[in-house]
Every structure is written in C-alpha cells, then in structure tokens.
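Line by line, the protein sequences give chains B and H.
To convert, take the position in the first sequence, counting from 1, and add 8; that gives the numbering used here.
To convert, take the position in the second sequence, counting from 1, and add 8; that gives the numbering used here.
Among the clues, some could well be false.
For identical chains, the list gives no copy identity; a pair is met inside one copy or between any two copies.
Cross-link-like lysine-lysine pairs, in silico, PhoX-like; alpha carbons within 25 Å at most [stated by the list, open to error]:
no.: 1; residue 1: K173; residue 2: K668
no.: 2; residue 1: K408; residue 2: K368
no.: 3; residue 1: K810; residue 2: K679
no.: 4; residue 1: K135; residue 2: K237
no.: 5; residue 1: K44; residue 2: K668
no.: 6; residue 1: K190; residue 2: K44
no.: 7; residue 1: K679; residue 2: K197
no.: 8; residue 1: K810; residue 2: K194
no.: 9; residue 1: K719; residue 2: K408
no.: 10; residue 1: K173; residue 2: K810
Calculated directly from the structure, the hints in this document are not laboratory data.
Listed below, chain by chain, are the residues.
Number of protein chains: 2
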Amino acid sequence: MAERFVYGFGGGSTDGDAAMRDLLGGKGANLAEMAKLGLPVPPGFTITTAACNAYYANGREWPEGLEEEVARAVAELEAKTGKRFGDASNPLLVSVRSGARASMPGMMDTVLNLGLNDETAAGLAAKAGDERFAYDSYRRFIQMYSHVVLELDHGAFEAILEGYKEENELRSDTDIDASGWKEIIKAYKKEVERASGHPFPANPEEQLWGGVAAVFRSWMNPRANVYRKLHNIPEAWGTAINVQAMVFGNMGETSATGVAFTRDPSTGANRFYGEFLINAQGEDVVAGIRTPRPITRAAREEMGDKHLSMEEAMPEVFAQLTEMYRRLEAHYCDMQDIEFTVEQGMLYMLQTRNGKRTAKASLKIAVDMVDEGLITPEQAVLRVDPASLDQLLHPTISPKFKRDVIVQGLPASPGAAIGRVVFDPDEAADLAQRGEAVILVRTETSPEDIHGMHAARAIVTSRGGMTSHAAVVARGMGRPCVCGATDLRIDEAQGQFVASGRVVRRGDLITVDGSGQKGWGQVLAGAAEMVQHELSGDFARVMEWADSIRKLQVRTNAETPDDLKVALEFGAEGIGLCRTEHMFFNASRIAAVREMILAESVADRVNALSKILPFQREDFVEIFRLLDGRPGTIRLLDPPLHEFLPHSPEECAAVAASLKVDPKALQARVKELMEVNPMLGFRGCRLAIAYPEIYAMQARAIFEAAAEVAKETGVIPKPEIMIPFVMSRKELAAVRSIVEEAARDALAAAGVELPYLIGTMIELPRAALRAGEIAEEAHFFSFGTNDLTQTTLGVSRDDAAKFLGLYVDRGLLERDPFVSIDAAGVGELVQIAAERGRLARSELKLGICGEHGGDPDSIAFCMRLGLDYVSCSPFRVPIARLAAAHAALSEKRPSLA
Amino acid sequence: MAERFVYGFGGGSTDGDAAMRDLLGGKGANLAEMAKLGLPVPPGFTITTAACNAYYANGREWPEGLEEEVARAVAELEAKTGKRFGDASNPLLVSVRSGARASMPGMMDTVLNLGLNDETAAGLAAKAGDERFAYDSYRRFIQMYSHVVLELDHGAFEAILEGYKEENELRSDTDIDASGWKEIIKAYKKEVERASGHPFPANPEEQLWGGVAAVFRSWMNPRANVYRKLHNIPEAWGTAINVQAMVFGNMGETSATGVAFTRDPSTGANRFYGEFLINAQGEDVVAGIRTPRPITRAAREEMGDKHLSMEEAMPEVFAQLTEMYRRLEAHYCDMQDIEFTVEQGMLYMLQTRNGKRTAKASLKIAVDMVDEGLITPEQAVLRVDPASLDQLLHPTISPKFKRDVIVQGLPASPGAAIGRVVFDPDEAADLAQRGEAVILVRTETSPEDIHGMHAARAIVTSRGGMTSHAAVVARGMGRPCVCGATDLRIDEAQGQFVASGRVVRRGDLITVDGSGQKGWGQVLAGAAEMVQHELSGDFARVMEWADSIRKLQVRTNAETPDDLKVALEFGAEGIGLCRTEHMFFNASRIAAVREMILAESVADRVNALSKILPFQREDFVEIFRLLDGRPGTIRLLDPPLHEFLPHSPEECAAVAASLKVDPKALQARVKELMEVNPMLGFRGCRLAIAYPEIYAMQARAIFEAAAEVAKETGVIPKPEIMIPFVMSRKELAAVRSIVEEAARDALAAAGVELPYLIGTMIELPRAALRAGEIAEEAHFFSFGTNDLTQTTLGVSRDDAAKFLGLYVDRGLLERDPFVSIDAAGVGELVQIAAERGRLARSELKLGICGEHGGDPDSIAFCMRLGLDYVSCSPFRVPIARLAAAHAALSEKRPSLA
C-alpha cells in the first residue's frame, strides 16, 4: 500500500495526535491533539512531512497518490463544515500554513483566505453581512497569493494601493470602503496578468495546489536554510502543511482574536496571562497596529487600562477559554502558549504549544508544577534550559531602566556592571585595591593587562571579536565585557574616549551591559538600576534535583580567591584548572618574573625564582584554604615567556631601567623570544625541559602551601599537578620527576604526608594519539579542548574572526568550534585518548577544562565518553551542573524506552 | 641449561660466525668468521651482548655462570697460544675491546697489553729481545688501565712523565730508555696507590675482570648514550667484549701494522689501497704520530714517496695479505676495511668489516661488483646509501682546493656555489637576469625575498637555524645555503659585510659551501675550484636498477621551469607540488597581487586578478610544456594574504605610492590582516571561501594553459588541482565547485577536452580524521606532512629552534620530526587518513609532498602505508628513487625469508 500523505483533524474525526510530530509537524500534531481532546478546532487536514520529502525526491512534482488524497480530504472538509470550495453562497475558505517538526517562526510561507474569487467574495459578504470585510479579505488574499505563490514583486501592489488613496485623498487603509477595495482588486488582477502573463487563478483547487507548492518550496528558501543551519535542523526533516478552514475574528463586535499563556512567561506566576482584540484578525495582535488588551480583569486593573478585559467583555467565552487552558495544561503538563479566535461568539482554538519563558519563569513553573504534582523533579530539571541560566547568574540592568546608550559593541561576556572609567590596567588595579568600582576601557587587551581586567568590574574594548583576548578572559573571569565597540575612540593622552561625538572622561561613571540588547552589548552613561542574581528558592531546588541526577562532577577554572569563592557559591566541587601564569602578571611579581626570564645562568634564574616562591606559596595557601579538602588541579606555567616581557621600545626602556639592566640586552632577549606562531611555540612543559627550575619552584610552592594548610586546618588539601602541552610519554616522565622531587623535598621539610596526583593536559593531537603511553606516567588527563581545537582544526582562536563567522554562516561549520566541541574531529581525538588512556590505566581520571566545559552540548558529549568531570569558569558552574543532569537523563532515556 | 655467554675463536676452533652479529657484536662476529675461513686471527673469545644485558639486569653484578665460562675460555686460550696468564717466561697478554652490533667508533673503552706485571714484563722483554719495548708497553698498560678501569685522572700520569723528561732533559718519549720507563712505572704505581687507596693490580685475572667490567660500564657512559640516541641504536642491544691474544707490530723491523681497503674508498677503483708502518702498533697508524706509508708500490710511486712500500719491503707478507683480501672480498661480497699486524714476520688479521666509502665510490664498487658477478643488481642498489647521494648531486668544492674561510655558519642546504655578493633580493633578481652569478647575503629572509633567493646561486644569512625560512626555502630550491653565520655583520648602507674584521663589499666574489666542512657551512673568499655532479655512468646504472625495483612513484616539488628542468633531469615522474604563491611574489606581479588584496569590492578584486591571470597562464604553459604529458599537481593559493604586503611603515609608504593608494589605508589593511599565529590563520582554502575569485582565476589560468599546450604539442597535459588546508568535506565541496566551473568555462572556450583531477592536501589532524568523508570529494590526497607535523605536535617550525634541538639531544624525540616523519604521531594520522580515504574511494591516489618526501626513512614509511608516490625537492629526487627501491626491497625481504 502507498504511504499515507494526508491526515484530517477536527469536526468530529481526527487521524493524528501529538505523538506524530515528526510526520505532522508541531502545529499539525497539536491541532490533532486538541481536536482529539474535544477542543473546538476549526477542521482541516495536514499534508505530512513525508509528502514534502517525496515532493523534493520527485523533482518538485507531486508524489503519486497525493493529489487523490488531498481531493478526498477537501471533500471531507466540505462535509464537516457544510461549506464548499467555490460555492457562491457558502464558500469554504482555508488557510495554508507550514508546520515543521521544530518551530521555525516566520521562516516559511503562509496563505490565508484561500478560496476567494469574485463569486465567493460576494457570498462571504452576504454571509458576514459585511461587504467591506469580504473585499478587504479578498484583496489581502490576492496580494498574499501573488507574493507567496506567484512570486511577484510586492512593490507594484503597494503602488496601486497608495495610488488609490492619493487619488481619493484617503489617509489610511481603514478609510477605504467596499467599492474602493473592489476597484483596487480589479487593478491588482490586471497587474497579476501583466507581470505573470496569466490571469489571477479563480479556481479554488488551483489556488490550493499553488499554495501547497509554495509552502513546500519555502522549506528551501534562503532564510529557512540559514535558520536550519543556525538551529541544527536537518534538511531531511521536511515541513508539513496544515490546510484549515478559516475562522474570522474580524466579523464584528462578537468576534475577537487573542494569544495567551497559561502562566506568566516572564515571572512564571501561576496566573492566566494574555492579550486580545475585538473584531480583529490574528495578524493584528502580532503586528502591533492596534494595541491589544489584557484578557483578565486583574491584569487590566493592574495596568490601569480603561478598556474592558475579555473576562468582562465576553464573560461566557472567557469562561470557556479558562476551562480550555486548564485542560490543555493538565494534558500537556507544561505551560501553554495558545492562539484563539472568536467568530461571532464561537470560540475556536487555533494553536497550542509549550510557551517560551524567561529563565526565572522556567525555574518557577518547573518547581510549581512539581509541587502541583503535574511533573516529576526529573522532568522539572529537563524543563530548564541550562544556557538560559546565564541571564540569572549575572547582575542585569532592570528592564524598567531607561538606557542612555553611549556606544554599542559585541556582547562578549554577559552581565552588567557599573564603575568609573579607567584606561590603564595598573590604575585599575590601584583604584580597585582602594575599593573603587572601575571599568577598564582599552583599544584591545593583552596578557599583561590581566591584573587590570581582574580588578575591573567590566571591560570595554574598541577592537576585537567574540573570541578576542578580552572576550575570552572576561568570560573566564565572569566580568561583563563589550568588545569591538568600533565607534569608540580612546584618547589616552587626554584621559578620555569619544563615541558619536560624546566625550567620556577618566573617572566618569558608566554602566556596561555585556548580555546584549537586541544582539548588541552596550555602554550606558551613568549608573543603571540593577537586578541582582538569586541563588536560593526555585533555583536552589532545581539545582538540588540536578545534582542528585547528574553523574559528571563539576569543577571550576579559577586562580584567584575571588573567582574561587564565586565558583564555590555556585556549587563547584573543586578546581579543574588553576592557571598559575595569571599569578605571574601581578604587578608586585612581574619584576622577579622578568628577572628570571633574563637570567643568564641557572644560578641567576634560581635566585629570581626564589623571589617569586613566597608569592606563589601565599596564592596556594589561600586557594587550599578555600577548597577545604576539595581537589584542586593546578597547571604549571604554560605561556611562552615573551608574554611576560615588554614589547615596544618605550616599554623596554622603562622595564630595563626598573630592572637595572641594559635596555639593549633586554630588547635583544625580547626579540630572541618573539615567535612567529606563539601558540605552537616554546611554551608549556617545553619550558620545564629547558628550565627545570621553574616547575621545581612552582611545585615547591604548591606543596609547602598544602603542608601549611594541612597543619593549620587539619583538612588535607588534594593537589593535582597538571603538566601542560605534553606530546609524549618521555616528556611527561622527565617533567614528572622534577615535580616529584620538589614535592618530596617540600613535604619532608614540613614533616607532612600528603597524597597528590600528577597528570597532564591532553591538548595536542599527538598526545591524544599517544595517550596509552602517556597514561603510564599520568594519574589524570584533562582535555584542554581550546588548544586541541586550535591544533586539530588548524585554527588560531586569536585570528579566527576573519573567517569563522563566514564558515558558520555558510554552513561549512555547524557551530563555532570554540564554543561547542567539534565532535567529529576534536571529539574523536578526545575519544581515542580516553579509550587508550583508560586501557593503559583503568583508574585514570578524565576531565575537560577548555571553555567547552561550560557548554551544554559539549557536556553531553563528555558524559557519553564517560569523563569524570567538567571544569568551567565560575559563572558557568550552575549551567554545567544542570547540563550534566540533562545529559544523564538523556542517557537514561533510551533504556527506559 | 643456562645461556652461553662466551664464544671462542681462532687457534683451530671457533664457535661463532658472521651471522651471530647480534650476539657477538660486529667485531666478534667478523673475527669468528675470519677464523672459520682459516685466516690467521690471533685467538681469543667473545663475551656476548646477552652477558652485558644480564650484567645490567643483575644490578651490575656478574650474571650466573659468566665467571666459570670466562675461566674456561682463558684456559683454552692459554692452550691455543701456549702462553699463560702471569707466566714470567711466556706470558699471555690480551686486549679487551668492546664490540657492539652497530659500529660505535671510539665511544666505548678498550684495554691493551692486559696481563703485564713486574714479572711478565721481564718475560716479555726477554722473549722480544727488547727491554725498552716491554717496559714501554707496561707503562702504557698502567696508564690505560688506571684511566679506563680504575677511573683515575689522566693528569697525574702525564705530570709524572713530563716531570721525568724535564729532570732528565729529554725532549720526547722516544728518548726514554728501558730504565727510564722502569722508573716511571714505579712512580705510576705509587700514584695509583695514592689516588685509589689500593696497589695497582698485579694479578692478570683481576686485571681481566676489571677490564671486562669497564667495557660493560662504558656501554652506558655519556658519550655512548648520546651516540646511540643520535644513531637510533637501542640501549637494549648491549655490547659484546672481545678478549684477544695480543700481537705486536712493534717487535722490530720484521714487525709492522697497517690498515687497508680492498678497493679505493674514495674513488671505488678496484685496487688494493692501504697504509702501514714498520715496527709500530696499530694506534701509531691511527694517531698520526708517524706518517704511514703506502702498501702498494704503485701507490708509492704515484705519491713520489721515497720509502719502500710494503709490497717492496715485505714481499712475502704482502703476497699473503693480497691473497687474504681477495678471499675476504669474495667471501663478504663487499669492499672490506681490514686491520692487520705483522709480528716478527707473521701476518695476523685483526679486523675486517665493510669499508666506509664516498658516494662516488659506493656507486662504482656496487656497479663493478655486479659486473664481476659478485652481487646482484638488487644487492648493488642496497649498497648505496640514498642519503649519501646528496654529496654527488650538488657541485662541491674540490678537496684539493685551499680554503680561505671568511666566516662559518650552519650547513643549511648542501652544495657549493660561486657568485658576487648582493644584499638586496631585487638587485639579485636584476643581476641574475643579466646573467650574473650572485649570492644573496641577508640578516634573515622572508617570503618577500623568494624571487631574490631563486635568482641567487646561494644564500647566506647571519641569523636563523636549520629550520629557518632561508634554510627551508633554499633546500627546497636546491640552492646552497649557510645560515646563522653569527659572526657576520651586514652593513647594507655601506654595501658591505664584516666578519672577523674582514670587509667584503657588494660585488666581491665569494664561494658558499653549504654541505659542511666538519659540521660547519663556510663562506670562502674568491672563487673556489669546483667538482661538478655526474649523472651518467655508475650513477645512471644504479638508478636504473632502483627504478626497476621501486613501486613508489617519485615526483618533485617545483614551481619554476628551472627547478622543473633539474628535477626531470634527476628522474622526476611529474610534479607533486607546484606552489602557485611563489609565482605571486615575482616583482612584475606583486603590484597586481597587492591591488587584489586591497580591493574593497568583488569587482575591484576581479579586476586586479584579471591582471595576474596572463602571468599565471604563462607560468603554467611553460610547466605543462616541460611536463610533456606527465602529471602535475598544482596547489592553489595557500599563504595568508599579509605575506604579500609590506610591513614596516617605510615599505608601506613606498608601496602605497607605487599603487597610488592612501598609505594609511594600506597600513590599516596590513594591520587588519596581521595574525597572531599565521600558521593557523586565514590561509589555504579559507581564502577561497571568502574570496572565490582568487581560485577561479587560478583554475582558469591552469586550464587555459593546459588547453593551449594540448593544441600546440598534441600531448595532453594532466593537471591535478590541489586544494590546501582543507578540514571538512563541505569545505572541499564548496571550493571544488569553484574550480570545476572555471575549468568548464576555460575548456569550453578553448574547445578542448581534458581529463583532470581535483584533490586536497591532508595537512590538518581533522582532515586526517574525516578523510572518509573528504575522499568523497577528492580524487587524490597529498599529505602535507610539514603542516601536519606542526599541528599534530603543536610545534611551529619557525619557532622550533628554541627547543627542538634540546629535545633531540635529550632523547625526548628520536629525530627532528620535520626531517624524518614522526611515525608514532603524525604517522598514525597519515595511516588513518589513507585507510579511511581508500575505504570511501578505492581508487584514491595517495602521495606525500612535505619535506619528508625526500627522507629515506619517511619514504620507507610511505611505502609501508601503500602510498602511490612521494614528492620532494628537485635535488632529492634521485635520493627518493633510491630510497623507494630500498623500501621495496626491505618489504620484499620478509616474504623471501
């Protein structure tokens, strides 16, 4: 038997249900479901997604059987409605709408009022008792059909309409009466014939097939293609088409149309929430031509609206609607977003779907529904999108606050902050130490600015993209950041910046919004009104459920006590990546670091390192205290040494003077250390192979600190020493022995015994491939997926802005591989390393500490590979906890099915 | 039964033979073999390499059974020689020498004259009738033993000897008589007791065990460890020890010692060649204290030497020796390097081994031996080390020429060349065009200098290592190059350079020797006398045999007609890599290239590209003509665009003026295009994704040229278009369609049909992993192992000098991975890609075009993976042909065994 392409719904008999979403699309499945529930759905039928695919497979011709099935469905629809296509006295009019498996709002085409021609328009006028309504509908249909189906240019029709109004000195469309519309319709039809070479089709069947073809075609239109790529919707899914009898909310004062949510989508409060318009079509609510009114009386009173609410104006219909939304919510067990139309006192349900909501609302609704017994805690966890928590965790600008925007840029790191403008990182650090809230404004940032970035409440740069140094570091630190504000020109000499003619001076108060407003990060004048994050209540309950579900541990990437405190408050279970180099940039240490780099003998180097040692030890004492027995993975020095040296001749001169060295010698060393490709240069454990003293000092500092904290608190710290940029077993073995010797010495001197681990980053393809051997020397692997992505794809993150966006736009890459792990490439290397590593050492601990550690898709990937933990920046810890729970639940699902 | 540790040889009964090299070491196996052949070998025994390993496994204690076996072997030796350890009248004296599987000349220790003490020295004196000889031998033994076995400092013994001479007013050691040596011996023994706390051991058994332990120990001494690492000799091989009865070439005028080659090791001529000394020990020949004499009369007469040759002085012994060398060569079927001693008229053979020889000699000997019926052509092919051909292919400085060295540097690219000094690449190009031979001298080179480097006969830089830009490019072009000549200071303003106080001016004639003299590349004053390469005769015959054996095709990396001509002369079977960017740097085109880069619209860019098109087409016409129907792989534009732009403000200003653009706009574009890690930047096919016009122009130029040559010559060119830096199937598909469209248009316009291939470089780990998908879009893969090594190991070749040497020295890497492929890392990716690619497309053509294409070990690796071809720089083509034959034979061997 041939495949069935058409499923009817409504009017007493319905073929599909909500479970058939893949075949009927979201809208079609829900219409069927509502019809089955006995809700008043205008009858119609759905042409399946399979028909769409068959249409394309068949070279854009109707697949066999479709025409017959549609004809039968039309006949059935005529029977259900008692109306007929082309019947001059009681014409059947339908809408033809797309409806894919996944929502793709506005991406595909729709035709309304299909079935109108000169005869049926007259019939509709008679039946509605409203000639103007009928001919307005007719001209709308011609316009829409000409554009969508006949693919004619908009402009000509607008010109006709505008010309008519001008000639007749009318101001707006509402001034045009029935005879006016009739005249316009004549002109429209003439234009169609001129432009297309054919008269406008009067036959409703012909109109219907034209509409169906147009909707199928629109599945492949450019904006749908782009949308699918952006949202990872496979082309092979196809779209369904819903052909549904028209109902009219604009048939007079007993007609209305509206949209509503079963709970408040903004706060999550359990109260009916929606808007409606009397004597209006659905588009009018959406298009904003007329201002819709609240549905409930309570809402109307709250808003001080004078017009009657629906509850008051149409109490009976309102009671029906109330009954229906209760049934829908009880049925779907989720907050519903519904569309309805009242045609001459009759309520029709046009759509229901799970409603979009804010992060705050999603938490509240989920928790409330558990309390109401509607859903389980596991379902509640799945109801909250991990990525949406980003909104909640950072302070944000109050939605009520009126923004005075100075300049816009990229929303590079979320959250908002208020502070005084500074241009110099040292000044930022100084002022912050004195308790001032400052915002660092720079052309671009470099690793030397880290201390200033950390001291600042937020960062603004005039150059660089979403993956620039400033953006990456700011996200890591949880500082709001606006990057690439190209209209902003900094004049450091004058101590000011200029943007669109406005001058902002050093010390002026500004607010930075890194979360983005319509896709733009903003810099605002003055101090905005803020909304703080809330970690208790609904949030805490959902996170508690998530923690009980997830199997992956969640650690944090943190190196300062402040960051670590935030991360622990957010539920981090330890440190997954403590970058020791950030500690080297501190102003009070950089001199000794530079002295170490410039040392010409081992003795000189050891001497310089001995000056850094006490600082490093103090850093680790503080960190171990805060960790309070939780594990802490500390990565030894990683960046190339030239990052610690000045670059310009002026900076070199200044540094040379302060270090009392020959400026020429300093410049020569700087030049000697400069690299063509620093990412692939003299860094990571390569430094320790050349200068073992550096890692020896760091290891000593760590173990002296651990011993001190163990003695002081009685809680044994759990240091995990991580060796970066390893490419072979021998290399790790050589570096490991440096660390072990220092650990032995430091612990023996302190008289403390302390278990510790030594492991490595897997961040080079070679390390992933040789993981079996490397695991012989490593207690743990931490996947450094940032660098692994750079090397596997051959993409420098600092330079990727030139082409990565283009790649994602063109669908050559599904996602930015620095945001979500490239499972097919980088992911295979991670998998190879995990398998080979565990084969060689079954108890090998596996984690991830690249930025992917905070990305939900990447977390699911880590879960599937059986990793032990993910580590992410402090502000992403709750996201990771929730995403890990999602991953655990989605892994559980197949076994339940 | 316990393992046997000791094997006797000589004196009528011999346990081992030449096949037991692994167990007995090279020297021991050959001594046994000679003894079995009935040659007069002083008897002795070999302690096996297994004993050495057992000694180390046993914590440096004698393994069980060794002591008994050695005792039995000593007793047998006493029986064979009729002498006894410690016998005052007829003492047994032995040498104790190391002998590993692979030759490690001078790396391990030796003890001679072992068995001497006060009594046996007297006995030796009586027996030899020469007291001075006996006591000189005794003191030498004490000195050697104290150093090697007792590990005492040299200095004290030298001080005693010098002190004695001073006191007695003697000028040289030869002035010391027997009583003098006796006195010195007393002082030596006193010093031994003082320094070691023990008297010098008089017991020969104790001496023997001391010697054996010392030789075993020396397997692990630092210089042996380094040597093993450098020559890839596993530590686990261990060394054998040969204990052999001493014979003395210094027992008067009927005694002699000598070394000889069965054929001339320098020319390969089939004539006996060697040197000897009457009344001397082996060391004297080697040490160069006395000048050895020719062995044959013919050689003596040639040299005009007045002293008698061995042939004349000892005709009987000479006849014996002649007979022996003939037998040895016939037996080993290879040229032998032999050592012999004549003790009072008795000839003894001390060693035979395959003789080292020059490349020229190795070719001649191999060919002659085939003609003589001694070996097969296959054996002849294996006799020639592919790497050694490097000497032959480049012109070299005549060994007779007296060098006037101006400065030394790294021998970065082999060969020698003469030319006039220029400092500016443009000037180099200009002068070369006028037929001048020039040598480009630069501080360092950059891609902008390519045209000048190509125009120059040789290149000298004062900075940069073996993997610097100058070195890599020069090797690729086959230009001799000396890099990192740090003593050379260029003063371009004055038009001169200074080195060690000597001034060399622009236009002065110099000679560059990039092959290396004692490890140093040299710059010589004036024009040296040169020796040209010879591609006919023996070379041609060996290469012909190699070609009939090898299965891998050999192509070349070439982009200029000159390079291609050389490569074809050297036997290249096509082009494996034609880098089109080199064509862009040409002075007459760079303006249009820059205009293209600075274009602000597609139209401007297309316009600029249309100016480049005729040049590109001409390039390809010339190349296709030369290829004469051979395949030519052409890589489309690869480097980041900023490589084509000026960098310094001055250069920007000059270029802006010539292009008539705003210097600020140019600088801004330069800055915008600059990259932090250009290796991982906006390059390769990423350029074509952003600017499809570029590849379209290049493809058009290629196919227009191909069509033109097809029409002109009637021979159909075989273009193979190669897309660089691909990381995914989609990317390749997108670029492929650009090329196909251009090909279609160009061929249709010319009315020519032409088959062509489109393939990709596999040079990113992701491409290797996704090779299955990528093969769906590719007719061929070419492994770009340079970039694949950079990304897989995370090592930038430009920056690697800072640590790669250290890694190789410390054994963390076996070889420089840019010279010989890293089989365990990069190699696995190549294997994965080859397997996945062939699985998806069985006829997929596979090749390699990184620098590894010319490295024999890497070629063997490619052969094992079943690649179709290797491609290398022109001067390495013969090396690759021969190495491919070696690889084919070594693959054949197991199946024959």
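Comparing the hints with the structure gives:
In the homo-oligomer, the alpha carbons of K173 and K668 never lie at most 25 Å apart, since the shortest distance is 84 Å inside one protomer and 54 Å across protomers. Proximity of K408 to K368 under the C-alpha cut-off of 25 Å is restricted to the intra-copy arrangement: shortest distance 17 Å within a copy versus 89 Å between copies. With identical chains, the CA atoms of K810 and K679 are at most 25 Å apart between copies only, with a shortest distance of 13 Å across copies and 27 Å within one. Proximity of K135 to K237 under the C-alpha cut-off of 25 Å is found in neither arrangement, the shortest distances being 46 Å within a copy and 98 Å between copies.
Taking the closest pair of Cα atoms, K44 and K668 never come within 25 Å of each other, the shortest separation being 86 Å inside a single copy and 75 Å across copies. Taking the shortest alpha-carbon separations for K190 and K44, neither the intra-copy value of 41 Å nor the inter-copy value of 121 Å comes in at or below 25 Å. Taking identical chains as interchangeable, the C-alpha atoms of K679 and K197 are never at most 25 Å apart, the minima being 76 Å within one chain and 57 Å between chains. Proximity of K810 to K194 under the C-alpha cut-off of 25 Å is found in neither arrangement, the shortest distances being 53 Å within a copy and 82 Å between copies.
Taking identical chains as interchangeable, the C-alpha atoms of K719 and K408 are never at most 25 Å apart, the minima being 52 Å within one chain and 76 Å between chains. Neither within a single protomer nor between protomers do K173 and K810 lie at most 25 Å apart by alpha-carbon distance, with minima of 50 Å and 79 Å respectively.
Checked against the numbered hints above, the structure violates hints 1, 4, 5, 6, 7, 8, 9 and 10; every other hint is satisfied.
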